[in-house]
Every structure is written in C-alpha cells, then in structure tokens.
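Make the full structure from the sequences, and use the hints.
Chain by chain, the residues run as shown.
Protein chains: 2
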Amino acid sequence: MTPTDHLYPVILAGGVGSRLWPRSRKTAPKQFLDLTGNQRSMLQEAFDRMTPLVPPEHIFVITNREYVDAVRDQLPEMPPQNIVGEPAARGSAAAIGLGAIHLLRSDPQAVMAVLTADHLIQKPEILRQTLAAGSELAQAGELITLGIEPAYPETGYGYIEMGETLGAYQGMTARRVRRFREKPDLATAEAFLAAGNFVWNSGMFIWRADVIMAQFARHMPQLHTALQRLLPALGKKDEKAAFEQHWMPLEGNVTIDYGIMEKAERVAVFPVDMGWHDIGSWAALLEVLPKDANGNAVQARHLDYDSNNILAFSKNRLIATIGLQDMIVVDTDDVLLVMPADRAQDVKKIIRSLKENGLDHYLE
Amino acid sequence: MTPTDHLYPVILAGGVGSRLWPRSRKTAPKQFLDLTGNQRSMLQEAFDRMTPLVPPEHIFVITNREYVDAVRDQLPEMPPQNIVGEPAARGSAAAIGLGAIHLLRSDPQAVMAVLTADHLIQKPEILRQTLAAGSELAQAGELITLGIEPAYPETGYGYIEMGETLGAYQGMTARRVRRFREKPDLATAEAFLAAGNFVWNSGMFIWRADVIMAQFARHMPQLHTALQRLLPALGKKDEKAAFEQHWMPLEGNVTIDYGIMEKAERVAVFPVDMGWHDIGSWAALLEVLPKDANGNAVQARHLDYDSNNILAFSKNRLIATIGLQDMIVVDTDDVLLVMPADRAQDVKKIIRSLKENGLDHYLE
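In order, the protein sequences belong to chains A and B.
For the first sequence, the positions run 1 to 364 when my numbering is used.
For the second sequence, the positions run 1 to 364 when my numbering is used.
Some clues are possibly wrong.
Since the list gives no way to pick out one identical chain from another, each pair is judged satisfied if it fits inside one copy or across any two copies.
Straight-line distance between alpha carbons at most 20 angstroms, and here's what the computed SDA-like set of lysine to any residue pairs gives [as the list claims (entries may be wrong)]: (1) Lys183 with Gln39; (2) Lys349 with Tyr305; (3) Lys349 with Ala293; (4) Lys263 with His361; (5) Lys263 with Tyr305; (6) Lys263 with Ser353; (7) Lys236 with Lys291; (8) Lys236 with Tyr152; (9) Lys315 with His219; (10) Lys263 with Gln222; (11) Lys315 with Asp334; (12) Lys123 with Gln81; (13) Lys355 with Arg175; (14) Lys123 with Tyr152; (15) Lys240 with Gly85; (16) Lys315 with Leu286; (17) Lys291 with Gly275; (18) Lys123 with Asp273; (19) Lys123 with Asp278; (20) Lys348 with Tyr305; (21) Lys349 with Gly323; (22) Lys348 with Ala214; (23) Lys263 with Asp48; (24) Lys348 with Val211.
Since the hints were made in silico from the structure, they are not lab data.
Remember, predicted model here, so these are calculated numbers, not experimental data.
Take a look at the structure:
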C-alpha cells in the first residue's frame, strides 16, 4: 500500500469570486474561467494538479448545485457522481462535511485532502509531495493544514503560529500548530514574519474522513447530525428531500477554521513553498500574470504607447492604452472596468452600488 | 440693406479629427459627431449658430466629397447645392477658394465668413455680432480675422499681434493686424499674454469673395488659375472632369494663413470673447464638457467610486471606474481607449502604430 491509496482530493469550487468582476459573474465564477490565459480554467488546473497523484475517480468537487453542469463540462474525465452540488452554501465546514460523507460512503479509510480552486500553484509537485506526506501523518488522527511560507507581511490572510517539530514525512517536515491567528494589522504581520514561526493559512487541509467527522460531532453537533442523516440518502431518490430537510436549515455559514481548526487539539501543519498565489483580486492576478516586453499583462488585442504594469483584458475589442501605470482595464461584453491596481479591493464597492441601483443583471 | 444681406457663412468641415479617435473615424469624423452630448453634431451646431443671422440658402459647407451625403443627412434644411465636396483635400486656401467661386457664381457682392465646424462656441450671439460687424468692414476690402482673447499661454495655437485700432463696427472694435505668429514656445506665449496685444488665431475669417480672389491672384496664382477654370464648370455636366483637370494637380496643401494672411497688407482683426474652445483632443473635450456631482464628464451608463475629472464615454457598455484622476476612457464598438488626460496628444502615436501594424480598419 502506498500512502495515497486512500487519498481523495476534494476541491471546493463553490465561490463567486466577486472581486474579479466583471469577468467573474454569478453564472460563471472565477474558478470556471481561464484567468491566466493558458486555456485551462482554475478548476481544471486544480484537477490537473491531482491526476499525477490519484486516479480521476478519487477526485471530488464540491460546488453549488447550479454549477454542477459547468463542472461536468469542464471535467469530462471525472465520474459525474464525484461532482457534489450544494443546494445552498452553508459555509466551508458544511461543504467539507458533505465531501467527507461522500468519501465514507465508499471508503471507510478515506483520507481527505481539502483543496481550493481559486489559487495559482506554480510548483504542483510540491503540493503533491505534501499531500502524500499528509496522507501518512493523517493516519495518526492529525488534522493537517498546509501553511504557506509568507513572502511579505500580508494583512489579508490568516496566519498559523507553528510550534514544535513533529517529524519528517515523505521528506516534508510537519510541525504542531500552536494557534490560528486572524488577519493581522500590518505591525502584527511584520512581527509574525520577524518571529519566523508563522505561515499563511492556505485553506488546504488533510485528514481522515472519519477523524473530521468525529470533530464535527464534538464541535459542530448540529452539522454532524445533519451529515449523519444525509449519508444514507446520498445517491438515492430521497436525496433531494433529505437535503431540503437537513441541509437547508443549517445556520451560520461557519468556516472550517472557526468551526473546527481553532478548537481542535491535534492540529499539525506542513510549511510549504509551492509557488502559491491567491487570485483573489485583479491586483493579485496582475502580479502573477506573465508580462510582455513592456511589463504589461495582456490578454487582448492591445496597442500601447508608454504604459507599464497594466493588466489589459478583452475578448473582442482592441484596447489602446497610453501612459498608464499600475492600472487594470477589464473589458467584457457589457461592462468595462478601469481602476488603479491598488484600488482592486474596491470592486466590492461597485458591486454593492450595482445592487443598490437595481443593476444586478451586470453581476449575472 | 442690412450689413448681412450679402453675408454667406462658409463652414469648413473636411477634417478627420484624428486626435479624437476612436470616436472620430475616417467614415465619421468628429464634425459629424455629437461630442458634447446635446444631440446635435458639431457641424449642426455650426449651422445652428448661423440661422438666426442669415437664411439657410446663404450657408455653405465645404467638405470632402465622401462626406457630402453625411452633410446632407445632418443638414436637411440646407439647399443640397450648398454642400461642396472636394474630390481631395488641397489645404484650407484651396477649400476657401472653392467656397469663394461658389458664392461669386450667384452673388458678385458676396461677403464670405469662413467658419469652422470643430470648435465649441459658448456665446454664439457674439460670433453673430462679429460677423455682422465684419460684413460692414469687409466692404472696404479688408481681410478680417477673428481673434480669441487668450485665456492662458497656450502653445498649440497660432497668435495674432494686433496694432492700432481701426474703428468700431456694430459695436465691435477692429484693429490692424501687425503680424501672424506661429505656435510659440511657452516663454514666448507668456510674453504674448503679458504684452496684451496678442490674440489666438481662430481660423475664422470675413472678406468679400472678390477680394480674396484678388489675393489668390496675387499670392497663389496657380490656385487662382485653377479656380478661374473651375468656376464656369460648377453645376455643369463637365464639373467632374474640370476638377480632375484643375483641382487634383494642386500642390502643397497650403493653409490660408501661410498662403495669404501672412502676406496680405490690409488685414484686420476683431478681438472677441465668444466662449471659444478648440475641441481638438479628448483633453480639450474633457475641459469643456459639463461635469456631474463628482466632477466627471460622463456620456455613458457609469458607476463610479472615488474618481474625479474623468471623461467616460460609451454607447453600449456600463463603465465602472474606481479611483481615477484626470483620465480619459472612451469605449466604442471595436476599440477601447484609456489614457491620462495629459497624454491626449499621444493618440496620434497610437494611430501611427495602427497604420504601421496594418490595423487601418480600426481607423475607418
């Protein structure tokens, strides 16, 4: 038995990616888009990263029910029954629980790797190596997180404070998690980096499916009860009614960090450098996209005079730019967005304004 | 007889307005566009300014032959024979000469007011008053220019140095022109303003048609000969052949300033404040357009957070802007242009680049 015989990557792909509006829309959120211009969507890339490690039938996707068809279209190699559609989002803890019961249905020894579909990972072999190492450590009942070696004092991510070394697994060092720390202010983030024993919380985890279920039983009993009742209905004709009865009433949209990780005792972390980049905003995308000779990230027919570090996206139109610096220009069929890269977080304000002005159709 | 009985406004409307690309195109140059958002094109506004002063049959338009239909569509009130199409541009002196022979054909006493279709004139009543005054002074054989009281030391315009006062006509003061001065550098422009006797050259003129013809005879004999030969062919079946024979060989694209005004002796100027604005570039347009509550000039469905002094134009798309300052965003069906207002002159560089890259269709 190799350590990955019972490994099941479960890709969470239910987000809406609203800060990547106007490309990311309710009907086609960012995980279904080819944002990096390499002809594969972020979801497809998340899938591609796993196929060298496990067979396609071990890979699962948890998404919103309305995106199930889109996932099936994008991942024809995956068994359709591995695409799990939530009838409504109930937080990452519930989504992970839903994945866990799907795995346990067919493999009581299942080891679950919770993965994201909205990050760029430039060194996928390191991720695979970490998952193999995590599969081994998970056998001991540990809840394992993947921590990212911080490159700078980012204030937009959660941090993990690492304690003593637990040992080496498949050549990767695991450490005890001392504490999860919420998004810090800049001074705190700088102190974290100076301390040297802090990593970014990647939102990726490895654990035995039965172990995370036991954690739900202890820390999130309402969710655990719901999952227990859903399990026998999966794939049966009363599945829909069971979701209506047990899933829909779940409250709070609880994250796995808040619901379990911050409370659990045996939590370990693999600090890894896998070229991980959060593609959470246009500015983040600009940072990771390859640049042309003028230092611009261009996915458009583009004619420029004297611009630098701009992102220019359009499917249909010629974008002409003159003398722009650090600027985002995103052109879609019905919306054009222009902003400095350092204002990329304010896309949320535009979205709020669209809703307030009854212009929701620009979000769809 | 009122002084305007023999007055004929001749509107020059043959330009291509390339610095207002991508809205201004070869097939629809700026004079045919409603750039200011008031539902009338610049040509129509030039026409509207004259109808309180003279009957429509006194108004002429000189344009390129390929725009004759567009002029007819935009100015249905004007007799079609008053729309004169040049088979090819041969400079403003030739265009004015062509206008002059059209007037002389029906009215030997014609007074010609040469007007432009690419300026905004916020006080049209002052223009009309000046034309009436000019009609009177023109009877004495003067070549009259309209000078604009300079608001600041612009380096993009020619200047007129004024000499002694000639007298008052219809309440307007005329002065002798001492010298035409080409576009100055900033120090020179500042000296002009300090001197107090300099005005901007507006490119608008008043003179008797027979007087300007006599000037052509003296200073531009090749043009004069061509005009003399074209005159008997106007409106006849051999008109096209006559243009082919006499117009097409004209050389040099000579401006009226260089060809006549700088050489003529009896040149007068009315210094006027008529709210004149050259709409030569996007930056110039941004300056004169009315602003919304946030200080932005918007001709689009527009949603903004925290921008100021931007121009946002789109017919079809929503433009969303965040944190932009002094920026131009022009969206058309096939091209999107984004640049800081102070780079508006560099549109010419994009146009050159389009030509060099075989992308001329974006200019059409």
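Original post:
How would you classify lysine 315 and aspartate 334 at a CA-CA limit of 20 angstroms: within, between, both, or neither?
Top reply: both (12 angstroms within a copy, 11 angstroms between copies)
**OP:** Give the relationship of lysine 123 and aspartate 278 under a CA distance limit of 20 angstroms: within one copy only, between copies only, both, or neither.
**Re:** The answer is within: 14 angstroms in one copy meets 20 angstroms, while 57 angstroms across copies does not.
**OP:** Please work out whether the CA atoms of lysine 349 and alanine 293 approach to 20 angstroms or closer within one copy, between two copies, in both situations, or in neither?
**Re:** between (33 angstroms within a copy, 18 angstroms between copies)
**OP:** Have a look at lysine 315 and histidine 219 and pick one of within, between, both or neither, based on CA distance no larger than 20 angstroms.
**Re:** So lysine 315 and histidine 219 fail the 20 angstroms test inside a copy (48 angstroms) and across (55 angstroms) alike.
Subject >> Homomeric proximity label, lysine 123 with aspartate 273: Cα distance no greater than 20 angstroms >> reply: Answer is within; shortest intra-copy Cα gap is 8 angstroms, inter-copy 68 angstroms.
Original post:
How do lysine 263 and tyrosine 305 come out at 20 angstroms by Cα distance, when the copy is not named: within, between, both, or neither?
Top reply: Neither. Shortest intra-copy (55 angstroms) and inter-copy (40 angstroms) distances fail the 20 angstroms Cα cut-off.
Subject >> Within, between, both or neither: lysine 348, tyrosine 305 at alpha-carbon 20 angstroms >> reply: Cα proximity of lysine 348 and tyrosine 305: across copies only (10 angstroms, versus 30 angstroms in one copy).
Original post:
Are the CA atoms of lysine 123 and tyrosine 152 at most 20 angstroms apart within a copy, between copies, both, or neither?
Top reply: Within one copy only: 19 angstroms inside a chain, 59 angstroms across chains, cut-off 20 angstroms.
**OP:** At 20 angstroms max between alpha carbons, let me know whether lysine 240 reaches glycine 85 within a copy, between copies, both or neither.
**Re:** So lysine 240 and glycine 85 pass the 20 angstroms test inside one copy only (11 angstroms; across, 74 angstroms).
**OP:** Please work out whether the CA atoms of lysine 236 and lysine 291 approach to 20 angstroms or closer within one copy, between two copies, in both situations, or in neither?
**Re:** neither (50 angstroms within a copy, 62 angstroms between copies)
Original post:
Between lysine 263 and histidine 361, at a C-alpha cutoff of 20 angstroms, which is it: within one copy, between copies, both, or neither?
Top reply: For lysine 263 and histidine 361, neither the intra-copy (41 angstroms) nor the inter-copy (64 angstroms) Cα distance is at most 20 angstroms.
Original post:
With identical chains treated as interchangeable, where does the CA-CA distance between lysine 263 and aspartate 48 reach 20 angstroms or less: within a copy, between copies, both, or neither?
Top reply: Neither. Shortest intra-copy (33 angstroms) and inter-copy (77 angstroms) distances fail the 20 angstroms Cα cut-off.
The structure does not agree with the numbered hints 1, 4, 5, 6, 7, 8, 9, 12, 13, 22, 23, 24 stated previously, though it agrees with the rest.
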